[in-house]
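> Here is how the chains run, residue by residue.
2 protein chains.
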Amino acid sequence: MKENKYDEPAFFEKYGQMYRSKEGLAGAGEWETLQSLLPELLGKEMLDLGCGYGWHCIYAAEHGAAQVLGVDISERMLAVAREKTKFSQVIYRKSAMEDLEFQESSFDLVFSSLALHYVESFEKLAGNVWKWLRPGGDFIFSVEHPLFTAEGSQDWLRDEEGNIRCFPVDNYFFSGKREACFLGETVVKYHRTLTDYLEGLVRQGFSLAHVAEPRPPERMLAFPGMKDELRRPMMLLVAAKK
Amino acid sequence: MKENKYDEPAFFEKYGQMYRSKEGLAGAGEWETLQSLLPELLGKEMLDLGCGYGWHCIYAAEHGAAQVLGVDISERMLAVAREKTKFSQVIYRKSAMEDLEFQESSFDLVFSSLALHYVESFEKLAGNVWKWLRPGGDFIFSVEHPLFTAEGSQDWLRDEEGNIRCFPVDNYFFSGKREACFLGETVVKYHRTLTDYLEGLVRQGFSLAHVAEPRPPERMLAFPGMKDELRRPMMLLVAAKK
Chain A
7 MKENKYDEPA FFEKYGQMYR SKEGLAGAGE WETLQSLLPE LLGKEMLDLG
57 CGYGWHCIYA AEHGAAQVLG VDISERMLAV AREKTKFSQV IYRKSAMEDL
107 EFQESSFDLV FSSLALHYVE SFEKLAGNVW KWLRPGGDFI FSVEHPLFTA
157 EGSQDWLRDE EGNIRCFPVD NYFFSGKREA CFLGETVVKY HRTLTDYLEG
207 LVRQGFSLAH VAEPRPPERM LAFPGMKDEL RRPMMLLVAA KK
Chain B
7 MKENKYDEPA FFEKYGQMYR SKEGLAGAGE WETLQSLLPE LLGKEMLDLG
57 CGYGWHCIYA AEHGAAQVLG VDISERMLAV AREKTKFSQV IYRKSAMEDL
107 EFQESSFDLV FSSLALHYVE SFEKLAGNVW KWLRPGGDFI FSVEHPLFTA
157 EGSQDWLRDE EGNIRCFPVD NYFFSGKREA CFLGETVVKY HRTLTDYLEG
207 LVRQGFSLAH VAEPRPPERM LAFPGMKDEL RRPMMLLVAA KK
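Respectively, the protein sequence lines represent chains A and B. Residue numbering for the first sequence is 7 to 248, as defined by our numbering. Residue numbering for the second sequence is 7 to 248, as defined by our numbering.
There could be a bad hint or two in this list.
You can't tell identical chains apart in this list, so a pair holds if it fits in one copy or across any two.
[To be verified] In silico SDA-like pairs for lysine to any residue, Cα to Cα no more than 25 Å straight-line: (1) LYS248 with GLU185; (2) LYS137 with GLU185; (3) LYS8 with LEU44; (4) LYS100 with ASN134; (5) LYS183 with LEU31; (6) LYS183 with MET232.
Read the hints as simulated data drawn from the structure, not as lab findings.
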């Protein structure tokens with residue numbers, strides 16, 4: 007299923023109010039960790055799957071990428087991305103990432119930030135990425151953590167006073183569709199186990215270079231609710247090499 | 007801290023009553039997955055850290071390993087292992103795994119089943135394993151899953167009727183000591199994040215070959231409580247290569 011939630015005006019509006027939407031990379035708690043996984047970008051050809059506002063495409067261009075293709079299913083997101091981007095080597099294309107087709111060995115880096123959990127078949131996508139990458143190329147992505155997506159609600163379990171009791175895990179080995187509440191709207195995501203992601207890559211032929219769970223950086227710990235993010239992992243970052 | 011719980015008579019007795027203690031490898035729900043990660047054993051020199059009853063040492067000898075050293079802190083466990091083992095190429099030694107010293111490049115395979123979460127410093131142990139392995143050698147281990155060790159109780163959260171509500175996750179990024187109840191006794195274990203394990207290996211120089219979460223096999227699903235093990239991951243299996 008290829009949901010285009012970000013083109014719904016109310017959702018798009020609310021997404022735009024998030025700290026990370028306003029502040030870009032500096033507003034993303036995982037950025038330092040994600041950045042540390044990126045290869046040298048100079049002269050590289052990069053594909054960004056689910057590029058959203060284009061923050062990572064712009065970053066790549068700023069760091070010398072030769073060609074960057076940002077793909078997103080949402081026209082509204084791409085309109086913002088185009089407005090923000092001042093680099094002619096960055097091009098945006100509207101498409102579901104499942105529908106993309108490229109020649110073999112088209113890119114040096116395939117990147118994706120918090121978008122692959124919207125894709126039903128990771129296996130199929132990883133197979134395409136393998137094909138599209140040049141030998142030695144990098145596949146680097148962040149997704150919602152399997153622990154975070156397993157139960158479905160993506161919300162803390164609270165006591166009667168509203169205090170956090172724990173984060174609930176359930177249905178872990180039942181990979182598949184989940185309907186979670188995000189920005190007050192129901193959003194369809196796909197839960198996968200850690201094994202689904204990592205062994206899926208290994209089966210395809212990738213070698214696993216890094217697997218990291220970002221924790222909130224010091225600079226953001228004073229933000230409301232941010233200290234609670236030390237109680238559960240919300241994201242999983244993976245760097246794999248062809 | 008090097009706790010020797012298994013030499014306490016009551017604990018040792020209760021451990022012996024577990025299905026996996028009686029049935030050996032066939033009684034362990036993770037065995038098929040773990041087995042699939044093992045390299046060809048013919049002619050190999052293997053070290054088993056926390057060998058317990060010696061099931062894996064015996065398996066290695068049965069499959070042609072040239073030399074197997076099983077190490078455990080518990081004399082009682084080793085007594086059982088020695089009694090079970092009919093292969094002269096298997097030797098057992100009583101030691102905390104933190105105290106071991108070997109020449110560089112002494113082993114082709116360092117193996118550990120459900121023991122490394124008793125070790126305070128994984129970083130230090132991984133450094134030793136790196137040194138002890140020959141180039142191209144394998145480090146293969148199972149540990150309790152970071153999701154399972156995070157909160158500390160290692161028990162389901164239940165409703166008033168005693169039904170499972172979920173498995174609780176908390177304190178995830180606070181790596182360190184946990185006191186869990188196992189077989190009615192308090193046992194000290196060390197929680198580590200997935201990142202602690204995997205990036206700890208990568209920092210040491212290891213390449214990550216496999217990361218897998220075993221799910222209960224069909225043959226055991228009818229056992230009491232076993233279907234619930236599909237609701238949370240309890241173990242993490244890792245295969246790394248020097």
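> Evaluate LYS137 and GLU185 at a C-alpha cut-off of 25 Å and name the case that applies: within, between, both or neither.
neither (31 Å within a copy, 47 Å between copies)
> What label fits LYS100 with ASN134 when the C-alpha limit is 25 Å: within, between, both, or neither?
Classified as within: same-chain Cα gap 18 Å, cross-chain 51 Å, threshold 25 Å.
> What label fits LYS8 with LEU44 when the C-alpha limit is 25 Å: within, between, both, or neither?
Classified as neither; 28 Å inside a copy, 39 Å across copies.
> Can you tell me if LYS183 and MET232 fall within 25 Å by alpha carbon in one copy, between copies, both or neither?
between (27 Å within a copy, 24 Å between copies)
> When no copy is named, should LYS183 and LEU31 be tagged within, between, both, or neither for a Cα gap of at most 25 Å?
Close neither inside one copy (29 Å) nor across copies (34 Å); limit 25 Å.
> Reference check for the pair LYS248 and GLU185, CA-CA at most 25 Å: within, between, both, or neither?
neither (33 Å within a copy, 42 Å between copies)
The structure is inconsistent with the numbered hints 1, 2, 3, 5, although it conforms to all the rest.
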